[in-house]
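> Going line by line, the protein sequences match chains A and G. When we follow the working numbering, the leftmost residue of the first sequence carries the number 1, and every step to the right adds one. When we follow the working numbering, the leftmost residue of the second sequence carries the number 1, and every step to the right adds one.
Simulated from the structure, these hints should not be mistaken for lab results. Quick caveat: nothing in here was measured; it's all calculated off a predicted structure. Even glycine gets a Cβ: it sits at the ideal position worked out from N, Cα and C. Just so you know, not all the hints are guaranteed correct.
Think about it this way: if two alpha-carbon atoms lie no more than 30 Å apart in a straight line, the pair counts; the simulated DSSO-like pairs of lysine-lysine are [stated by the list, open to error]:
1. Lys162/A - Lys401/G
2. Lys346/G - Lys184/A
3. Lys119/G - Lys89/A
4. Lys319/A - Lys276/A
Now the in silico label distances, taken between C-beta atoms and shown as ranges [as the list claims (entries may be wrong)]:
5. Ile53/A - Pro256/G: 51 to 61 Å
6. Ala275/A - Asn269/G: 51 to 61 Å
7. His178/A - Glu274/G: 46 to 56 Å
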Amino acid sequence: MRRFRNLALLAAVIACLALATRQTPIHAASRPATVQAADDTAGAKVYADNCAICHGEQREGNLPTVPPLTGIAHQLNAGQLTAITHDGKGAMPGNPDLKGDELAALLHFLLAADESGAAPAATASPAQLAEKGATLFQQNCAFCHGRDTMGGESGPDLTQSKIVAADVNGDKIGEVVHAGRPAKKMPAFNFSNAEIETLAAYIHAQEAAARTRKGDRRGVAVADLQTGDAAAGLQYFSGAGGCARCHSATGDLAGVANRYQGLALERRMLYPEGAKSKVTVTLPGGQKLTGTLAYLDEFTVALRDAGGVYHSWQTSRVKFSVDAPVEAHVDLFGKYTDADIHNLMAYLQTLR
Amino acid sequence: MKLQHHSLIFALAALFIAPAMTRAQNLTSADLLKPSADTWPTYHGDYSGRRHSALHQITPQNVANLSLAWAFQTRQDNEIKASPLLVDGILYFTVPDHTWAVDARSGHEVWHYDRPSIKGLHIGHRGLGMYKDLLFLTTPDCHLIALNAKDGAVRWDQVYADVDQGYWATMAPLVVRNHVIAGVSGDFDNLVGYLRSFDPETGAVQWQWNSSPPAGTPNATTGGMTWITGTYDPELNLIYWGTGNPTPVLNGATRPGDDAYTCSIVALNPDTGELVWGFVASPHDTHDWDAVEVPVLVDADFHGKPRKMLMQASRNGYFFVLDRTNGKSLLTTPYGPVNWAMGIDKLGRPIPDPAKEPAPDGRLIAPDEGGLTNFRSPSFDPKTGLFIVDAHPSYSIYFSKPADGTYGWSGADYDLWGKGVIEAIDYQTGKLRWSHYVGPDSAGAGVLTTDSGLTFTGDAFGNVLALDTATGKTLWHAATGASMENPPITYVLDGRQYVLTGSGSMLFAWRLPDTAAAPARIALKH
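Okay, chain A solo, but in the shape it has when bound (with noise of 0.2 Å):
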């Protein structure tokens, strides 16, 4: 049963590959002959017996669904390659009968063949890797961060990214694709670094493109944000919104409009994410600790107390307050006019 649900597998990752060969796939078809010494033969015969219907006679693969094999040495070791190898991967079928020489073989094939050090990717072209990179972003960027890169439903704009920005060949993309943003509810993805490095050239070739467009961007500028007027911020500020209750612009606020800009003011503004609560938990024999709420749901409670050690306890067992001034932020959501927002926000530009 199982053999046949490989086949099936096999059958299809057969199609794929025959679609893509017509995509002139990336390879590494201009990696100098010498590379393969003669002691890989062996190894290079069992990769085309077993890897390469799948993994391309060139080790190219074929994304989104099976990865390369180049360069694989930067990110597997012989241990891990040989599990893989033995158990399968995702959709890659298990072949745990090849063993003893012929697997030993395999190993050094695909891992002393990358010692030459030519990075795989570096053969292809900026606008060959976008390419690639384009169709990895459709299928899994594209509903948050837009189509085009510039923002969809509830990701933000990548062209105007300050992390892509930053960025070299996915170094940064890359980090926050492999770890996602949690608290942004972006998932973790699970790519390759060859991967990654098609994405990040997809996103650059974007972010040029946008770069181009004069007059036409899309996206909030800080000039937009230049309707309001100060005085009444002020006014605001200090009365109707109670926002002097907690902050003050010599103390905590002061310099805020050197520390953000723009829209990023603005939505620190409305709702400071990430801002701190505190909690004081009392146990059953009246010990009372606080510190700074780390988790709560409805069964756990728990708190990092001033030396960062972590507690927790079951709601049911102790008594507990949390102290959040960040709720008087959602308290102000169903009282303000836009006005007072567009005022606020010209009075808090002020303090610089």
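Since the structure of chain A is provided, determine the placement of chain G on it from the hints.
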């Protein structure tokens, strides 16, 4: 003579055995009209969309004993957003590019159909439709595929939208007699939303209904995607469907007026696709508030008079009760913070406030773009008269300026704050009977109610919850490590009631331990 005698015995035996044998993987129209307790044969479980089960083995008194029967790992990055089907002891469910048949008794895989697709958004997949021995699957690249339920083999494959234009598909088709009805997704482009009906045996197209006029029609909208499975009233022979937002999304300048039938609830004849009535839930929407949420069909008294009703907790923040024979409004009321309407018009529709359309310097809007609820199914509990929904009180800012153009998104919007609350709405008044906090931002779990008085749902932290339907109090929970992104289902198998929930990439089957279940073995009818 002796031979004949044997033949007779065989013939008689065949009579008894045959129904059981042929029943396997043969889901008839009659089964779909009155699903038995050991099945969950459609996305919603039945045609009403109430996601309410008559099962009562698991009760408020014994639910504290609920424990894991099995778990199934998809080993995929995509979360399970599908509502599984259960037919003849086999569960069928999906994530993008993958369909599984899983033994409902043990949780082990029967078959797996893996169809990698390059094009189309892979944001989620909501499951399958079924008729006779065929499963109907939509794909991210807009194919409608009929699979043999026995082994996942492809029977037919039809392209039904152009992925290159910007369509994609996530929804579970609705089967009504010999019609397989599929909808489309795609609001990044100015495209026409539609429903298309197919012959289940051949895949031949039977009809198409368009939500909006052809792209390019002057002063007219595009959009109205049809990405959540509708419901069906066999007596009236009407299907009910919610439609998505108009396009361009945040800029309404090129599409003056109500933009019918985007952000609408429509009633169509399933045999012809003909529109019988339409109700625009968000006239001239500029906030991406699809009205695709499940149109729940309830027959009950409304203010003392028996009614055939349709209820929807809509993404725009309003709870609608309509007379589903004619689409006339019975009740329109917000079920959380809403600040974009100036009032309710005489047709029961919110009147959009022009001052709350997206603007160059931003407008504070409640709810946010995700809406006061989204695609996860609500549930209607007939005993308490409660409509129970995963709600998301929230605020956001919406921007749009001329430079954003009139194609696709045409603006930008940013979430500021939100929380997740399970709300129990009294359908007669729209007032909240109870609300149950389920975490910051949003939880996003679907809701299931049962006749024993239980509500199953999940919180934002990854807890599966069983609540007392009457009060909202938590009676049981289990931490699963990821939040529930699909609606729960329930069924009975071998006399045991199961509740099935998804969390992250895993499916969990819950039931009472042997000892607790023993006193209340269930007969297979309700």
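> Against this structure, judge whether each hint is valid.
Evaluation of the provided hints:
1. With a C-alpha separation of about 23 Å, the suggested pairing of Lys162/A with Lys401/G holds against the 30 Å cut-off.
2. For the given pair, Lys346/G sits about 40 Å from Lys184/A by alpha-carbon distance, which is inconsistent with the 30 Å threshold.
3. For the proposed pair Lys119/G and Lys89/A, the alpha carbon gap of about 23 Å is at most 30 Å, so the pair holds.
4. Taking the CA atoms of Lys319/A and Lys276/A, the gap is near 20 Å; set against the 30 Å cutoff, the hint holds.
5. Checked against the hint of 51 to 61 Å, the pair Ile53/A and Pro256/G passes, with Cβ atoms roughly 57 Å apart.
6. The beta-carbon spacing between Ala275/A and Asn269/G, approximately 54 Å, falls within the hinted interval of 51 to 61 Å.
7. Our hint of 46 to 56 Å for His178/A and Glu274/G holds, since their Cβ atoms are close to 51 Å apart.
Hint 2 from the earlier list is the only one contradicted by this structure; the remaining hints agree with it.
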